[in-house]
Amino acid sequence: MSYELRRRLWAAILILGFFAAWEFLCLALQVSDLVLPRPSQVFATLVARLGILWPHVLQTLWTTMIGFVLGVTVGVIIGAAIGVSRTAYDTVYPLLIGFSSIPKVAVVPIFVLWFGSGATPAILTALAMCFFPIVVNIATGLATTEPELEDVLKSLGASKLDILWNVGLPRTMPFFFASLKIAVTFAFVGSVLSETVASNKGIGNVMMTASSNFDVPLVFAGLFLLAALGILLYVAFSLVEARVTGWATRRQGFAAA
Amino acid sequence: MSPSQAIQQGRSSIAVELSQAAVSFGKPGKAVPALQETNLRIADGEFVALVGPSGCGKSTILRLTAGLLQPTRGAVLVGGREVAAKALRIGMAFQNPTMLPWLTIERNVMLPLKIVRPFRSDYRAKRKTEYRDRVHALLADVGLDKFAGHYPWQLSGGMLQRANLCRALIHEPSLLLLDEPFGALDQFTREELWGTMQSLWLKRKPTVLLITHDLKEAGFLASRVCVMSARPGRIINDSAVDFPRPRTIQMTFDADFVALNQRLRDLIIDARTDTAIRGA
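Going down the list, the protein sequences come from chains A and B. Each residue of the first sequence is one higher than the one before, starting from 147 at the first, in the working numbering. Each residue of the second sequence is one higher than the one before, starting from 1233 at the first, in the working numbering.
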């Protein structure tokens, strides 16, 4: 059996085993489904109520994606600026650290105050959650350009833009994609957080309402949906990453491609 | 006007001239001298090696010549003009080959053509035809033609350094600056690359300024060897090396060659002990 196949098999066994153990322990210890519903109950709820849940899934997905795209844009611009210019780094970084240290749950009420409840605060919270890892990774990637290579290019008469375009940005790509995978899950946390506080749509809102109705299986159904969406987007970015930055992991397939 | 004609017209008999060029780093008043007033003239097509104790300012001279550093006092003229950080069509290679890992060797070597005028304006049109052939011809000169499509991590250190030399030469620079390009290689690979370097130079005759710690390397490659004093450096000896070319590794065991080696070695040891005494 190939190494790759064995690895996947073990991953599948771990996931199935996790759910089996959960199911078994709930049955054995007779846990009430008001405390912890069994996975089978959660899946049954998921299937039965998918029609009602679906619009909420779409709501969360699009607010997250807009927040994510905006976050990436802002993150790349700030990251490039502080990665290229020492002055920008010194001036902007303290403020950024301060901002990223604020728990984002604390800013949701402010967004609601400014923009009302609904999609806008969800988008903004997603943006606020996800831009920081991108800034840090882009800046790091740019700052690690070898000084010798910069000398070689400068002696050829290369402008700062030439160096950024030919060396800085391609070198940043592995860092960038690694940060995208983190950022997209952060964006989900942000939008759901905002939905639980102030929205009448979205998975966060469904879970909030369900928990106040003691509909615990529905709360868990929401969690499962979030996990599924998170995995889906993570996988999507991993595929793009492997395609674009295969050189960084020295895959044999990349050299042949 | 073709690129090679442009070089011909831009050439004067003196390729590089440092006159009373001195460099110090840090704020005025607390400045640390790195290079004392130095005079150095390199004629067109000459191969000059610069040797000396570590930290003596060899790399400072190289950076001055490349226009990456401005002299604190004095002047640096390259091709008869004052050096600024603008395009001078200089080729550079360092000990670290700094190949870009996401590009094939072919594209790495082609990089200067993407940046240097007048090549850059035609880059898109010619990268798959004329420029590609040019890169392949140069790679063939150093025995790397079969590796054009490989990625840097698939090559050995010696092969990467050959590619590095190709990248420094692809835009036909009239001046080639080398900062210990063979320093990180094992003895046998290094000697092999001296041969490669010699044939590249004999074929194209660019002006070369080579920085090295290896006196044998200086004697094998250079037509002139300059010895520097300890920091803050200045040039304390300037000797012509007249061995006939092409030189062979066998020649490095001849009495004349060994004598030159010995003499350079004594000069550097003197320069080092000189500082030790001054420092005490």
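Please keep in mind that the hints were generated in silico from the structure rather than gathered at the bench. Worth double-checking, as some hints may not be accurate.
[To be verified] As a list, the in silico EDC-like pairs of lysine to aspartate or glutamate whose alpha-carbon atoms are at most 16 angstroms apart:
#	chain 1	residue 1	chain 2	residue 2
1	B	K1360	B	D1373
2	B	K1262	B	E1278
3	B	K1346	A	E292
4	B	K1435	B	E1314
5	B	K1346	A	D308
6	B	K1437	B	E1424
[Unchecked claim] Chain A is nowhere near these chain B residues, computed Cβ spacing over 10 angstroms in every case:
#	residue
7	L1300
8	P1333
9	L1417
10	P1478
[What the hints assert, rightly or not] Label pairs and their calculated CB-CB ranges:
#	chain 1	residue 1	chain 2	residue 2	range
11	A	T233	B	G1381	39 to 45 angstroms
12	B	P1333	A	V251	47 to 53 angstroms
13	A	R389	B	G1277	45 to 51 angstroms
14	B	R1273	A	R389	26 to 32 angstroms
15	B	N1271	A	L241	46 to 52 angstroms
16	B	G1277	A	S384	28 to 34 angstroms
From the three backbone atoms N, C-alpha and C, an ideal C-beta is built for every residue, glycine too.
Least C-beta distance from P1333 (chain B) to chain A larger than 10 angstroms: Contrary to the label, P1333 (chain B) does not stay out of reach of chain A, its closest Cβ about 5 angstroms off (not over 10 angstroms).
Beyond 10 angstroms from every chain A Cβ - status for L1417 (chain B): Nearest chain A Cβ is 16 angstroms from L1417 (chain B), so the label holds.
Range hint compliance [Cβ, P1333 (chain B) to V251 (chain A), 47 to 53 angstroms]: violated (41 angstroms)
Assertion that P1478 (chain B) lies farther than 10 angstroms from chain A (Cβ): holds (28 angstroms)
Distance restraint between K1346 (chain B) and E292 (chain A), which requires alpha-carbon spacing of 16 angstroms or less: Not satisfied, since the Cα-Cα distance of roughly 19 angstroms exceeds 16 angstroms.
Range hint compliance [Cβ, R1273 (chain B) to R389 (chain A), 26 to 32 angstroms]: Violated, at about 54 angstroms.
Restraint status (C-alpha distance of K1262 (chain B) to E1278 (chain B) at most 16 angstroms): violated (38 angstroms)
Verdict for R389 (chain A), G1277 (chain B) (Cβ pair) under range 45 to 51 angstroms: holds (48 angstroms)
10 angstroms Cβ clearance of L1300 (chain B) from chain A: About 6 angstroms separates L1300 (chain B) from the closest Cβ of chain A, which leaves it inside 10 angstroms; violated.
Range hint compliance [Cβ, N1271 (chain B) to L241 (chain A), 46 to 52 angstroms]: For N1271 (chain B) and L241 (chain A) the Cβ distance comes to about 51 angstroms; the hint holds.
Hint consistency between K1360 (chain B) and D1373 (chain B) [alpha-carbon to alpha-carbon, up to 16 angstroms]: violated (20 angstroms)
Status of the given 28 to 34 angstroms range, CB of S384 (chain A) versus CB of G1277 (chain B): violated (54 angstroms)
Violated hints for the displayed structure, listed by number in ascending order: 1, 2, 3, 4, 6, 7, 8, 12, 14 and 16.
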